[in-house]
Structures are given as C-alpha cells and as structure tokens.
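Residue numbers (this note's numbering), protein chains in the order written: chain A, 6 to 221; chain B, 6 to 221.
One thing to keep in mind: the hints can contain errors.
Because identical chains cannot be distinguished in the list, a pair is counted as satisfied if it fits within a single copy or across any two copies.
Stated by the list, open to error - Straight-line Cα separation of at most 20 angstroms, PhoX-like style, residue types lysine-lysine; simulated pairs:
(1) K70 x K134
(2) K123 x K134
(3) K26 x K203
(4) K94 x K134
(5) K134 x K26
(6) K70 x K26
(7) K25 x K123
(8) K32 x K134
(9) K123 x K209
(10) K25 x K203
(11) K32 x K209
(12) K31 x K123
(13) K134 x K31
(14) K209 x K134
If you are wondering where the hints come from, they were derived from the structure by calculation, not from laboratory data.
There are 2 protein chains.
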Amino acid sequence: MTTLTETQLLSALNWRYATKKFDPAKKIPAATWTALEQSLILAPSSFGLQPWKFIVVDDPAVRQKLMAASWGQTQIVDAARMVVFTLQKDLGEADVTHFINRTAEVRGGTAESHGGYKNIMVQSLAGAKAGGTLDVWQSRQVYIALGQFMAAAALLGVDTCPMEGIAPAQYDEILGLTGTRYTTLCVCTAGYRAADDKYAVAPKVRFPAAEVIRHV
Amino acid sequence: MTTLTETQLLSALNWRYATKKFDPAKKIPAATWTALEQSLILAPSSFGLQPWKFIVVDDPAVRQKLMAASWGQTQIVDAARMVVFTLQKDLGEADVTHFINRTAEVRGGTAESHGGYKNIMVQSLAGAKAGGTLDVWQSRQVYIALGQFMAAAALLGVDTCPMEGIAPAQYDEILGLTGTRYTTLCVCTAGYRAADDKYAVAPKVRFPAAEVIRHV
Numbered sequence: 006m007t008t009l010t011e012t013q014l015l016s017a018l019n020w021r022y023a024t025k026k027f028d029p030a031k032k033i034p035a036a037t038w039t040a041l042e043q044s045l046i047l048a049p050s051s052f053g054l055q056p057w058k059f060i061v062v063d064d065p066a067v068r069q070k071l072m073a074a075s076w077g078q079t080q081i082v083d084a085a086r087m088v089v090f091t092l093q094k095d096l097g098e099a100d101v102t103h104f105i106n107r108t109a110e111v112r113g114g115t116a117e118s119h120g121g122y123k124n125i126m127v128q129s130l131a132g133a134k135a136g137g138t139l140d141v142w143q144s145r146q147v148y149i150a151l152g153q154f155m156a157a158a159a160l161l162g163v164d165t166c167p168m169e170g171i172a173p174a175q176y177d178e179i180l181g182l183t184g185t186r187y188t189t190l191c192v193c194t195a196g197y198r199a200a201d202d203k204y205a206v207a208p209k210v211r212f213p214a215a216e217v218i219r220h221v
Numbered sequence: 006m007t008t009l010t011e012t013q014l015l016s017a018l019n020w021r022y023a024t025k026k027f028d029p030a031k032k033i034p035a036a037t038w039t040a041l042e043q044s045l046i047l048a049p050s051s052f053g054l055q056p057w058k059f060i061v062v063d064d065p066a067v068r069q070k071l072m073a074a075s076w077g078q079t080q081i082v083d084a085a086r087m088v089v090f091t092l093q094k095d096l097g098e099a100d101v102t103h104f105i106n107r108t109a110e111v112r113g114g115t116a117e118s119h120g121g122y123k124n125i126m127v128q129s130l131a132g133a134k135a136g137g138t139l140d141v142w143q144s145r146q147v148y149i150a151l152g153q154f155m156a157a158a159a160l161l162g163v164d165t166c167p168m169e170g171i172a173p174a175q176y177d178e179i180l181g182l183t184g185t186r187y188t189t190l191c192v193c194t195a196g197y198r199a200a201d202d203k204y205a206v207a208p209k210v211r212f213p214a215a216e217v218i219r220h221v
C-alpha cells in the first residue's frame, strides 16, 4: 500500500470546507464517484453491523422536492451528487443473524463457526433498546461513515457540504422511508466549488490545539 | 494540492481493519502523530462548534486503569497511542459567543461582523436542548471526528481500533471528567498491527452494495 505523507494528508483536510456554492456545471467522474460510494460501504461501524442505507439522489425532480425540505439551500440542486444518510432503526437479533450469515458468505465456513459474538451482539442491542439508547448509539455509526466520506472526497479533490439543516420527516416522506426501518439523519452534497464561493478562501476556524486536545 | 487516485484511496480503506492485537514495540513517529492530532482538530462539526475534547493518554498507569474500565481489552495498553473521544455537553449561547470570538481572531474583523448566524445557532441549540436531543446531536459530531481520524490513520499506514466496549462513567472518573461539561463517548487506539493478528487477513465483511446504497 502506498501511504500518504503527513503534508499531503493535511493539505487535503485543510483544503476541505463546507462548500456553500457548487459549480452546477462540474460533474464528478464516474470512477471517482464509485470510489466515494465504496468509502461509504467500507466505513467502520459498531460490531460491523452497518446500520445504514445511503441514498444517492440524482433525479432532478426529487432534488427539487428535497431542496424545499432543506430550507431552500441551493447545494441540494447545484451539487453534482448528493447522499442522504439514513439510519436503520431498531436493530435486533434478526440483523445480527443476517450479519453472521454474510460473514460466513464472505469468509467461508458455517454461520455457527462465526457466531462466537452473537450473544454479545444481541444482548448489547437489546440492552440499548431497553435503555432507550439503541437508535442514538447506531446513529453515531452513521456519522463515522459521514466523516470517512468527507475525508475521502477531500483526498480525491471533491468538495462536500454536510447538511443537517433539513426536515428529516419530509425527507422520509419524499424518499418513501416513512413507516420503514430507515430514517433520514443528514445529507452530504458533493461536487466542485464555484469559483466565486467566498467561503473557499476564508481561513478555517478551529479552537487552539490546547483547548481541544489534552495529553495525559 | 496533490490528490490521491481512487485505487490509492481504496487500498488504504481496505487495508484498515479494527486491530485486535497491536505490536507493543512499534511506536508512531512524532510527525505522523502530530498529523493525526491535526486530523482531529480539522474535523468538521455542526456550525463548526467543535463540541469535543480529545484526550490522548500516554501515561502507562492511567492506561492500566482504563484497560480495567474496558473489559480488559489489551489494545488499551498495547497500542502505541490512544485517544479518548469526549463530548462537550450542554452547548449554549456562551459557546456560540466563544466560537464567534474565535472566528474574529482567525479571520479578522469584529465579533459583530461574524455574528450573522449567532441567533440561528443559539436557537438551534436551545431548541434541541428543550427537545432533549442536544447532547445526542452533538455526540454525532464527535463521531465525524472519529471517522476522519480512522481514515487519516489508514492513509498514513497507521492501524486503529475504535472501541465502544468501555465503561464511560469509569473513564470519566479516571480522567477527572466527572462533574465537568465533558463526558467519554468512545476510544480509538492507534499503532501497528501485530504480525500474528489473525483479523488482519480476514476478508472485510460488508453487505452487498445494492443493500446499503440506493439510487434515486
């Protein structure tokens, strides 16, 4: 594996910013987009359960409806691509079984031979459900995927804008998720910054390292 | 900015896995670790409010105590470095003011000139607090940083293991967070895989793309 230098990594992470204005004429090459979808698929999650579905919306009519459910933010229609990050709610034993079956499929062997952690997983999910924290816990996993996606995009030279200022219930309705196990958490638009997006050149605002990193 | 090829990106993300066994003799070069701390600092967050503190624990005695609060998982003491991801609870107007003051410091101008979104931010936080979702919302931001950190580490050839199987209240006690505005969410250990970690060569288990990505 070729690794990056520290300078290459940090120049990409510094180049990234929440793009307010995309150039609607610039499209993301297919190979690049495929890699970004892979970065979603490859994201880590608790126990590896992947409690999510990523909805890539290209249909312009649907984009228009989603913009209306996003306080009119124009990135929704101007960005080359957009991903709706949805949570799979109410994980339970059937999902664990499904995951273990998939493990057997990918790694070989029987489901039983991969079931060593089954009880721990089922009990963890059931305990969280009883405590009312199951969906909160799993929703955090979805944000791991969001973090990996934005970092991956920056490294490929693709701009992104993470967006939480949306009406999730309206998104669910528009995308046919109402009444299903999936629910909208947030959006990430992706494409290329407009030449006149003034935020592109504004220095990044971060608290001093000593304020957010503590050494023990 | 030098961008990666799709192949370079995906080879790093495929190389990454949740390392079960670290080589305790292998240390992370200082320049590499500094870059990884920067990847935390540079992580995106809602409104840019950075509702977090990252605690890097090097003290072996503290590491021992934390291992006991982590079901005895040996990564806590064997990994070269470890980061405790903590949430800043109960964000409110004073935090928004602090952020706006920092914006003026970094970008120049007065705090007033950067205060255009102040009311929206304060009202969003207050609304979430009233609805009981403030800390949940902000905790998701911390996982963006976790996602960016793990991706950045992989790209620099550093192994990681994200760990939620810990006792957060015991962590808070050990790290002196109890009674403060910060609380432990999760851990990420970082270092280099042991030559005999059998999980390093196990194929990654992911559901088929059609199951987790939907195109509209």
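- Message: Are any of the numbered hints broken by this structure? If so, which, sorted upward?
- Response: Violated hints: 1, 5, 8, 11, 12, 13, 14; rest satisfied.
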